[in-house]
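Visitor: As a plain string of letters, each chain reads:
There are 6 protein chains.
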Amino acid sequence: MPKPFVSELVAGSAVDAVFLLAERNMAHKKDGNPFLTVTLADRTGQVKGVVWDQVERIAAAVTEGDFVHVRAQVGEYRGGLQMVVKDMLRVPADQVDPADFLPTTSRDVGKMFDRLREMTGRMQNPHLKRLFEVFWADDEFVAAYTRAPAAKMMHHAYIGGLLEHTLSMAVLAGMVAGHYSGVDRDLLLAGVILHDVGKVRELEYARRIDYTDEGRLLSHIIIGLSMLDEKLGQVPDFPPVQAQLLKHMIVSHHGSRAFGSPEPPKTIEAVLLNHIDEMDSRVNSIREYVAKDPSDGSWTPYHRLLERHFYKGPGPDTGND
Amino acid sequence: MPKPFVSELVAGSAVDAVFLLAERNMAHKKDGNPFLTVTLADRTGQVKGVVWDQVERIAAAVTEGDFVHVRAQVGEYRGGLQMVVKDMLRVPADQVDPADFLPTTSRDVGKMFDRLREMTGRMQNPHLKRLFEVFWADDEFVAAYTRAPAAKMMHHAYIGGLLEHTLSMAVLAGMVAGHYSGVDRDLLLAGVILHDVGKVRELEYARRIDYTDEGRLLSHIIIGLSMLDEKLGQVPDFPPVQAQLLKHMIVSHHGSRAFGSPEPPKTIEAVLLNHIDEMDSRVNSIREYVAKDPSDGSWTPYHRLLERHFYKGPGPDTGND
Amino acid sequence: MPKPFVSELVAGSAVDAVFLLAERNMAHKKDGNPFLTVTLADRTGQVKGVVWDQVERIAAAVTEGDFVHVRAQVGEYRGGLQMVVKDMLRVPADQVDPADFLPTTSRDVGKMFDRLREMTGRMQNPHLKRLFEVFWADDEFVAAYTRAPAAKMMHHAYIGGLLEHTLSMAVLAGMVAGHYSGVDRDLLLAGVILHDVGKVRELEYARRIDYTDEGRLLSHIIIGLSMLDEKLGQVPDFPPVQAQLLKHMIVSHHGSRAFGSPEPPKTIEAVLLNHIDEMDSRVNSIREYVAKDPSDGSWTPYHRLLERHFYKGPGPDTGND
Amino acid sequence: MPKPFVSELVAGSAVDAVFLLAERNMAHKKDGNPFLTVTLADRTGQVKGVVWDQVERIAAAVTEGDFVHVRAQVGEYRGGLQMVVKDMLRVPADQVDPADFLPTTSRDVGKMFDRLREMTGRMQNPHLKRLFEVFWADDEFVAAYTRAPAAKMMHHAYIGGLLEHTLSMAVLAGMVAGHYSGVDRDLLLAGVILHDVGKVRELEYARRIDYTDEGRLLSHIIIGLSMLDEKLGQVPDFPPVQAQLLKHMIVSHHGSRAFGSPEPPKTIEAVLLNHIDEMDSRVNSIREYVAKDPSDGSWTPYHRLLERHFYKGPGPDTGND
Amino acid sequence: MPKPFVSELVAGSAVDAVFLLAERNMAHKKDGNPFLTVTLADRTGQVKGVVWDQVERIAAAVTEGDFVHVRAQVGEYRGGLQMVVKDMLRVPADQVDPADFLPTTSRDVGKMFDRLREMTGRMQNPHLKRLFEVFWADDEFVAAYTRAPAAKMMHHAYIGGLLEHTLSMAVLAGMVAGHYSGVDRDLLLAGVILHDVGKVRELEYARRIDYTDEGRLLSHIIIGLSMLDEKLGQVPDFPPVQAQLLKHMIVSHHGSRAFGSPEPPKTIEAVLLNHIDEMDSRVNSIREYVAKDPSDGSWTPYHRLLERHFYKGPGPDTGND
Amino acid sequence: MPKPFVSELVAGSAVDAVFLLAERNMAHKKDGNPFLTVTLADRTGQVKGVVWDQVERIAAAVTEGDFVHVRAQVGEYRGGLQMVVKDMLRVPADQVDPADFLPTTSRDVGKMFDRLREMTGRMQNPHLKRLFEVFWADDEFVAAYTRAPAAKMMHHAYIGGLLEHTLSMAVLAGMVAGHYSGVDRDLLLAGVILHDVGKVRELEYARRIDYTDEGRLLSHIIIGLSMLDEKLGQVPDFPPVQAQLLKHMIVSHHGSRAFGSPEPPKTIEAVLLNHIDEMDSRVNSIREYVAKDPSDGSWTPYHRLLERHFYKGPGPDTGND
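Residue numbers (the UniProt record's numbering), protein chains in the order written: chain U, 1 to 321; chain P, 1 to 321; chain E, 1 to 321; chain Y, 1 to 321; chain R, 1 to 321; chain C, 1 to 321.
Any given hint might turn out to be false.
Just so you know, same-sequence chains aren't split out, so a pair can sit in one copy or run between any two.
[Said to hold, decoys possible] No farther apart than 27 Å at their CA atoms in a straight line, the calculated lysine-lysine pairs in the DSSO-like style are these:
| id | residue 1 | residue 2 |
| --- | --- | --- |
| 1 | K152 | K312 |
| 2 | K3 | K292 |
| 3 | K3 | K152 |
| 4 | K48 | K3 |
| 5 | K152 | K86 |
Calculated from the structure, these hints are not laboratory results.
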């Protein structure tokens with residue numbers, strides 16, 4: 001039986017399902033008795049809840065970050081929904097489907113990866129082609145690469161987002177390499193596929209999407225270069241100059257020092273990679289922002305990072321009538 | 001007989017051809033007699049020259065900016081070429097081919113314009129399609145639009161450069177509109193074709209490429225909007241919202257206030273226009289910079305505006321051997 | 001009978017008057033019965049309210065943005081006033097005086113406009129004088145121009161604010177034009193009067209002050225230029241150079257690209273316009289900020305945009321005594 | 001009997017002690033009767049409270065900023081502690097120990113000052129040595145100098161913080177002056193001791209740490225220079241060049257105009273002062289931020305001003321397991 | 001007999017006059033004999049010269065910065081003028097009129113100062129009025145204040161420039177104080193007159209305009225405050241708050257930290273002072289730039305600091321004809 | 001016989017020694033015969049020269065960047081020295097002492113390295129101690145590490161500069177680690193020694209100091225991390241968390257993204273490393289700038305990068321006397 005999602009809850013119904021225990025706070029009633037306020041979450045959202053009974057037992061058995069089996073009644077409080085929890089039990093992580101608890105790409109991950117592998121399989125440059133054979137032969141890497149999000153918040157911030165973003169860029173790279181003469185198509189494609197590869201270790205995405213210690217200390221650019229170095233060691237006779245040009249694309253793909261690249265793009269392929277990355281990230285980021293906006297006017301709320309409202313189309317007539 | 005170009009001159013030869021008189025200075029020999037030092041130019045470069053005889057007559061007859069018919073002997077001075085000019089006569093502008101004196105696109109202008117017109121002819125949106133019929137029916141406009149450069153110095157800074165830049169962007173826009181769902185292809189294409197239309201009046205490009213008074217006072221964004229307003233007045237029933245969205249693309253195509261756009265892009269089409277414009281301008285600008293670099297190392301000289309050297313490919317072995 | 005204003009309400013009194021329904025939220029009591037929390041507003045401020053009875057009927061009859069006739073008792077809740085609403089009825093917009101619901105200039109609009117018209121009537125330059133005759137003959141324009149605010153929030157953000165700001169600048173412009181020799185007084189005055197003219201369409205100010213779609217897509221600079229273009233078309237033989245210089249003043253009046261002007265001021269009149277505008281906006285903005293601060297110390301709260309506290313005068317003795 | 005501190009309060013106990021009345025608001029119960037909500041504070045934190053009885057009498061007797069003797073019962077409300085206040089009486093400021101109400105250095109102020117005085121006593125330069133004799137002979141100055149905090153919030157933001165910061169820098173200055181040849185050790189030390197001297201008047205720190213009117217109007221750099229000028233007037237024959245170099249160190253110690261120094265450091269001693277100041281301030285600021293973080297993960301919360309999380313050491317295993 | 005100025009020299013004439021020896025370099029002819037190349041200057045410009053004879057004697061007698069009596073023949077060399085110097089003798093500084101060698105205001109210094117003194121004489125505030133009596137009674141100060149330039153290069157960079165700039169601002173301040181209600185006219189005027197008073201010591205202007213050591217180490221803001229402190233000490237009972245407000249105007253008159261003010265303007269008078277200062281400096285700076293431009297097109301050369309060309313009026317017809 | 005250095009040449013003497021041929025240009029006399037103008041260099045400076053005889057033979061035998069044995073007569077030309085070259089022969093690089101041709105540290109390289117090795121030998125942390133044993137056992141690395149400069153131009157831009165800079169920082173790090181409690185001394189020292197290790201490959205310093213291709217494409221931060229990765233692979237059981245913290249110090253040592261660090265310092269040791277590096281680089285950079293300034297006033301010329309003049313001490317009396 002599929003899990004009822006937070007976005008589907010209605011006041012008055014009973015719930016018997018698994019959620020992620022996002023927050024848990026002990027409080028006290030006026031009579032001195034304790035109670036628990038909790039926040040329960042899945043990939044569709046969050047709902048507040050309260051535990052009036054068996055507070056000590058439940059508080060001892062579950063902690064923040066646990067998956068919990070909840071039996072509750074859905075009510076309303078201050079204009080929002082509130083679960084009045086009857087019981088709450090810890091559930092081992094291997095008994096839940098993580099896809100229920102983290103936002104996930106709407107595309108077919110298997111097909112996306114097949115398409116990417118097909119692209120590298122058609123490369124003319126034998127060294128680059130061989131390099132990707134080494135990457136794709138590493139099952140642990142492929143599992144992480146096809147599961148990782150592309151970011152914590154900004155764009156493609158969901159399971160499979162890295163692959164979706166990379167494939168979209170790879171398709172664009174193919175178009176652009178055909179449009180401008182003198183572009184090394186294989187090198188550009190290789191740079192696209194590897195530019196964010198460090199994100200598989202920069203981020204954690206088992207139960208929630210957040211930075212790892214390594215990610216905060218080193219950044220995905222540094223981690224990705226180290227991963228590439230390791231794989232390059234397994235490709236005999238990889239030309240040193242080509243290795244430097246490929247690394248340069250990872251190093252410079254943010255476009256400038258101000259955005260975290262120690263060096264700016266200095267080859268035409270690195271310049272193109274930077275532009276394709278910016279365009280694809282920006283388009284995805286704006287679309288998700290617009291899609292998530294529940295308001296019904298012509299404009300989204302102000303986007304603090306991009307410093308503007310986005311236009312959603314003409315709304316009902318307004319103005320100085 | 002084709003004109004001998006500055007780039008083809010060799011020491012020891014005689015010259016009998018037309019050049020642009022770029023500079024002219026009167027000087028005096030130790031014996032008190034005057035002489036002229038001149039700079040002669042065409043689209044391939046500049047050469048210094050000196051006039052020893054009939055100085056007063058020649059000085060009175062020609063002025064900077066004139067086309068001049070020159071008879072001279074090519075010599076060497078301080079390691080460079082120097083023309084010793086025997087005679088110099090003013091030539092009316094309508095007797096010279098301006099293409100000899102200004103750098104010009106290497107593409108076929110007629111074919112490029114045909115391709116662009118074909119694109120607008122296939123538009124589904126009847127209002128936009130009609131708008132471009134009005135633009136293309138204006139012969140004076142088409143003559144300027146197909147001749148104008150895209151910039152004074154940065155990119156596509158040559159006769160026909162605006163058209164070359166616009167067509168390249170239009171092709172990219174077609175690809176990108178097919179890649180992302182939900183993009184209004186006709187609107188994007190219209191924005192691409194009109195985004196720099198104000199450059200036909202922002203710049204002058206009769207004998208040299210420079211800003212006009214109007215260009216410096218108003219900028220091509222403002223001029224282009226005024227040109228669009230005028231043509232919109234000739235399209236009956238053009239929907240006001242669509243007109244605003246199209247104008248918004250011109251207004252915002254530089255991407256941010258810091259780059260001269262009063263408003264940043266707020267629709268997906270305006271965002272894409274900005275990215276395509278930046279990519280195409282940057283690629284052209286780097287390629288011209290690399291192409292013009294006569295040095296033979298692995299790197300171009302430092303590019304002051306882009307704040308980096310560009311890599312031209314591995315050179316001879318260097319380093320800490 | 002004049003409407004009782006929000007700022008005049010006192011606990012314990014009864015109210016029977018029209019307010020703007022700024023917010024309306026449905027909530028539920030512990031017994032499951034619904035109630036409404038509302039925010040009622042007029043130009044003097046806002047007050048919270050609650051509706052306990054006939055909730056469904058009232059909720060169905062009024063929506064946010066409506067003018068509503070309210071019968072209520074004023075009480076206190078959590079240290080603030082709260083209206084306990086007995087009944088609430090929708091009132092058509094044409095039955096209310098908008099000036100009651102939007103902040104309005106304290107100056108006499110008619111007198112201000114007369115003074116401005118007198119100034120343009122005394123212009124020596126026949127073209128500029130004629131241009132303003134065309135503007136002032138457009139009743140719809142004059143109605144909007146004398147009613148528009150100068151901004152949504154920053155300065156002169158009230159009905160009539162644009163006119164008040166413009167007149168203040170015009171007076172300063174007259175002084176400055178007399179102080180510095182060689183300034184074209186009529187041109188400076190014309191630039192002052194037209195610099196923000198696009199705000200009549202950039203903003204809506206019927207019931208609240210906010211941006212219009214056109215305003216967000218194009219900005220008042222672009223809109224103002226288009227309005228000027230239209231009026232210039234009605235002045236025969238307006239000299240093109242003068243038109244460019246006048247447009248340049250609108251284009252550049254924000255002083256730099258960073259503040260939204262595509263070109264910086266390049267004539268002495270444009271430079272002066274920018275300085276006068278900055279001074280008058282800043283003075284008004286600080287004064288309103290200080291005037292609205294209810295605290296009684298020597299300093300206003302921190303002004304986030306201007307990044308400082310403002311000094312209000314010596315307060316009671318403090319310090320390291 | 002030592003005062004019970006806020007951080008030591010436990011639910012269920014009775015309190016009979018002095019606190020600072022940080023906030024006081026009048027509210028009304030549903031029955032119309034008034035009550036007071038208060039915030040009581042000392043150097044260890046704040047606690048909310050409520051006064052149900054004798055509200056009018058108490059409200060008339062105490063005002064915000066007063067020290068108040070409180071008799072209360074400690075309870076819980078919404079998961080936090082709440083004092084139910086029985087009575088509250090104003091206490092004159094001279095009857096409390098200010099150190100109970102403001103955070104204070106953990107070092108021994110007397111020993112720190114002795115060490116600093118010992119350093120100036122060993123100076124070789126007779127003029128600088130004499131200058132500090134004049135400073136140290138001013139009892140009022142010494143009292144303030146040894147009591148002042150170094151900042152309102154950023155670093156060493158506690159009583160005695162200025163002295164602690166200055167001494168730490170003085171010790172570092174001694175090391176650095178020995179490390180680099182050609183540094184004027186006495187001048188560097190003098191600059192260190194005087195660089196923040198204006199903070200004794202820029203800040204008030206009698207009951208709370210905040211800026212004074214003079215501090216906000218002039219800044220500690222300007223105030224410190226004026227204080228130095230006054231003392232220099234009491235040292236006969238102080239060499240003018242040396243006075244300028246010493247003043248220059250105060251003027252430039254923030255390193256650049258962007259950080260509030262009218263001139264950047266232009267002597268080696270001023271450069272070193274700036275670096276030592278930045279290092280000591282930064283280290284203290286980070287340490288206090290880490291020390292105050294109650295969370296138990298590997299990272300502090302995001303530090304808005306320094307724009308990063310800080311690493312607190314490896315926590316429990318997380319990540320993509 | 002008035003001195004012939006550099007700007008008046010013509011080729012072929014003889015010169016017998018005093019100049020400033022701006023540069024002096026020893027060189028050697030092919031035959032091994034030494035010669036001197038020199039640069040001679042006065043307030044109208046510079047001219048190159050050469051000394052072929054008596055080189056050793058002359059070289060020993062004059063040094064850079066000296067006033068020198070020159071006998072020479074004016075010739076041409078490489079298209080410019082060149083003095084062939086027959087003899088050159090050092091002239092004591094007190095035998096020359098410094099006004100011949102430094103650019104000087106075109107206004108009457110005595111009249112300007114009288115007008116300023118008249119303004120302070122009419123002040124209503126007895127403390128401020130008395131303060132200026134103290135300033136004006138200091139003859140040495142008045143001599144420097146009426147002679148100092150306002151800057152080295154940017155604006156009013158000539159003898160008497162500080163006074164000219166200050167008086168212009170004082171007149172504007174009077175207008176503005178009358179325009180806005182609630183401005184303390186005397187305080188604003190006092191701030192205007194004193195805001196740049198530190199320039200009399202920040203700059204040297206005996207033979208050339210340059211920074212003094214004190215100026216580079218402390219800046220005119222700091223020096224001016226110290227000068228004000230000294231004079232305030234001579235006014236009995238000057239109110240401390242007023243002293244702080246006056247100092248605040250000097251401290252903040254550059255408008256922001258980025259421009260060298262440790263604190264931004266926080267009173268209405270300080271805000272106005274900053275705006276008036278910026279406007280007057282900018283207008284003067286642009287006018288001098290335009291006035292010095294010898295070119296005859298519509299535009300000045302690019303102004304590096306202000307990052308634009310300035311428009312000088314419509315030139316001959318150009319463009320895409 | 002030691003080589004005569006450029007700085008020691010005097011007019012009239014004969015030279016018979018090896019120089020670096022920095023520049024070589026072919027030119028032609030008026031009679032059509034070719035001659036060579038050359039620039040000859042060693043670590044003390046450059047001198048111009050000319051070759052009148054056997055031009056073709058010499059031109060064919062030597063190229064820019066060669067070491068050349070020169071026989072010449074030293075003369076003067078236009079106020080500078082000029083070598084009239086009789087003969088010039090190419091010399092193999094292995095027959096010259098590179099130290100003659102590149103600026104070199106004035107410290108004893110062997111002693112500096114011994115001192116650094118002694119420091120790592122005293123480390124308490126066995127893993128870090130072992131890591132440095134691996135580094136020091138790599139002879140090729142040590143040779144490069146003790147020879148590399150620390151920069152191309154900014155600071156320590158001479159052979160041995162990296163070692164000198166690193167040792168100076170290591171000594172400071174020891175002091176600072178003792179001053180602040182809770183600092184991991186070994187980790188800080190390890191970070192200091194490795195922070196710039198990538199410079200041994202970022203720069204070339206065989207004949208001149210310049211960037212390598214790898215340096216420009218990747219930057220020394222990236223190269224250094226790769227070098228560290230390789231050595232870490234040779235230390236069994238190096239704790240992963242410690243490896244990340246050490247890498248983080250390299251990653252973040254420039255302090256912020258704007259200066260090329262992908263992540264800012266997030267541990268107290270990384271923060272200290274950044275401060276010590278900035279202080280030592282800045283001090284060395286200023287000192288070299290002051291030391292190279294031949295002028296005799298109180299101030300250096302304007303330092304473009306640091307945007308100020310530096311004070312060199314009181315000069316002769318100047319000013320408004």
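Visitor: Each hint should be assessed against the structure and marked as holding or not.
Guide: Verification of the supplied hints:
Taking CA atoms no more than 27 Å apart as the test, K152 paired with K312 passes in both settings, with 25 Å inside one copy and 21 Å between copies. In this assembly of identical chains, K3 and K292 lie within 27 Å of each other by CA distance solely inside one copy; the values are 22 Å within and 41 Å between copies. For the identical chains of this complex, K3 and K152 are intra-copy neighbours only, at 25 Å inside a copy versus 47 Å across copies, given an alpha-carbon limit of 27 Å. In this homomeric assembly, K48 and K3 come within 27 Å of each other (Cα to Cα) only inside a single copy, at 18 Å, whereas the closest approach across copies is 40 Å.
Taking the shortest Cα distances, K152 and K86 never come within 27 Å of each other, neither inside one copy (34 Å) nor across copies (49 Å).
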